[in-house]
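Chains C and F, in that order, give the protein sequences.
Per this note's numbering, residue 1 is the first one in the first sequence, and the count goes up by one each step.
Per this note's numbering, residue 1 is the first one in the second sequence, and the count goes up by one each step.
Worth double-checking, as some hints may not be accurate.
As the list makes no split between identical chains, a pair holds if one copy fits it or if it spans any two.
[To be verified] Keeping only pairs whose Cα atoms sit at most 20 Å apart, straight-line, the calculated SDA-like set for lysine to any residue is:
1) Lys68 x His101
2) Lys77 x Gln98
3) Lys134 x Gly199
Note that these hints are calculated values from the structure, not bench results.
Number of protein chains: 2
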Amino acid sequence: MCQNCPQPQGFLAELIDSGLLIDTGVDGLYGRSGLFEEVIARFDDLITRHGGQDGAEIVRFPPAMSRKHFEKSGYLKSFPQLAGTVHSFAGDERAHAQLLHNVADGVDWTDGQISTEVVLTPAACYPLYPVVAKRGPLKTEGALFDLQSYCFRHEPSKDPARMQLFRMREYVRFGTPEQVTEFRATWLDRGQAMMASLGVPLNLDVANDPFFGRAGRMLANNQRDQRLKFELLIPIESEEKPTACLSFNYHQDHFGTTWGIETAAGETAHTACVGFGMERVALALFKHHGYDVERWPASVRNVLWP
Amino acid sequence: MCQNCPQPQGFLAELIDSGLLIDTGVDGLYGRSGLFEEVIARFDDLITRHGGQDGAEIVRFPPAMSRKHFEKSGYLKSFPQLAGTVHSFAGDERAHAQLLHNVADGVDWTDGQISTEVVLTPAACYPLYPVVAKRGPLKTEGALFDLQSYCFRHEPSKDPARMQLFRMREYVRFGTPEQVTEFRATWLDRGQAMMASLGVPLNLDVANDPFFGRAGRMLANNQRDQRLKFELLIPIESEEKPTACLSFNYHQDHFGTTWGIETAAGETAHTACVGFGMERVALALFKHHGYDVERWPASVRNVLWP
């Protein structure tokens, strides 16, 4: 244990002391206890109980995606600072010997790593769009998918609700603007009802995404002005700055145009998604109901363990 | 769809045609269907039924680990070619503009990415050892952990059983040499019985890990000669070269020495693990019982859906 390193404080320290999260020495990267995972699984099941009757196609991607697809997605325009590319060693035995010397000497050995064909998934739906595009035009009723994966965002933080690696569950809707906005409206209601049943304080607001740079400020203004993305906020690390735990995002034709996805009528498809921050919701539950799940309110326990 | 690209063939093509796996354009990186995930979940549950009574502490790590811990682990000595480091953009707006130009022009834009504090997890147990070390000496009875995570190995392949990102479940035992070798002996029996109940052809052999370079050949010989690692092999992509689906690995005092883990008596702890390749077992089941799980042998269905 590093005696000179700053030790975690506040809610993060409590989570680590209680054993729910396990310190790895990297801010935003934690092991999870069996109990923490149980709460995640129960919330995952709750989502399915609210959304499972819609007939979504279940797809699960690993936590990385094709770099080519990522480049095409437009993510690098908005959030270059959050992306994580995966690099690998491709040298010979001599280069390997040098690498090991550098590791032993504490010298940066990662210079020689070259980028692979994959990047870490920034949001659960990013690998989906090229897959849907490849299938050809949508059916008349559009399409609906159920996703979950670990996602990466390079934003090291002492706020336990801002992890570098976290799970996002998503439903993603493809179709006409009417189909897609109806989906989002349905989930705006459902999501609020679902989270209210968990007995946590809620607040719906337009999103405030961390777009990069000056050009990014215009994108952020546009997102707010057009009310393209809403977030369901719950106070976790701070009362003043509550944490977005669910988001409801209308992409308009952004992904439809990017990937050439068409409706049955030959129009560019619109898309929308509802995203669930799995760790954030679990943290909100521990924050507001305590570390002993046996002592959570009966109403909340009945919802999660029906 | 790329008309000029080589299309998947054989078992991989069948898996993609059946919808169980979803092509992402990158060899070894696939989406999974709901049915594929259901089989993984059923096998995960089967493992718990065989190992759950041992009182293992459940820990779940995200698919990346601390780079410092990874450097110390010794993995780079043996398998530098398989590791994946995670890199991020840390430039200003001018660098961002250049990055976007490079992406648009098809020029490599990843040169400017700098390594973060994390690397992708190479095996589920790697993040665990420093955590156990930090807790201090083991109790008299040693320690036992239950892990599962996505793991990364940079070995692009058309063999569906050789994925770049796959899940590994593990039980990891810490203790005296006697405690640890008894654990491995128990799981050698259990693992074979468990897999035999799934009606797939099995073969136990000493492991044949892809150690890097000429020095690596010595490590591989040592591993074989000392019978440190056994693998339970099932033919999947090839009859002649069956695939390791479970492994039983006695690390001796390698991790105990590396991390300074001590037994209650103050000796260097020994460790062993049993690892389950989740995707490989699911693929073996589809290979030997077909794509329609409703038509799998009743004996196998009864084991997986008790």
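Structure-based check of all given hints:
no. : hint            : verdict
1   : Lys68 x His101  : between (33 Å within a copy, 15 Å between copies)
2   : Lys77 x Gln98   : between (36 Å within a copy, 11 Å between copies)
3   : Lys134 x Gly199 : neither (42 Å within a copy, 36 Å between copies)
Hint violations for this structure: number 3 only, all remaining hints satisfied.
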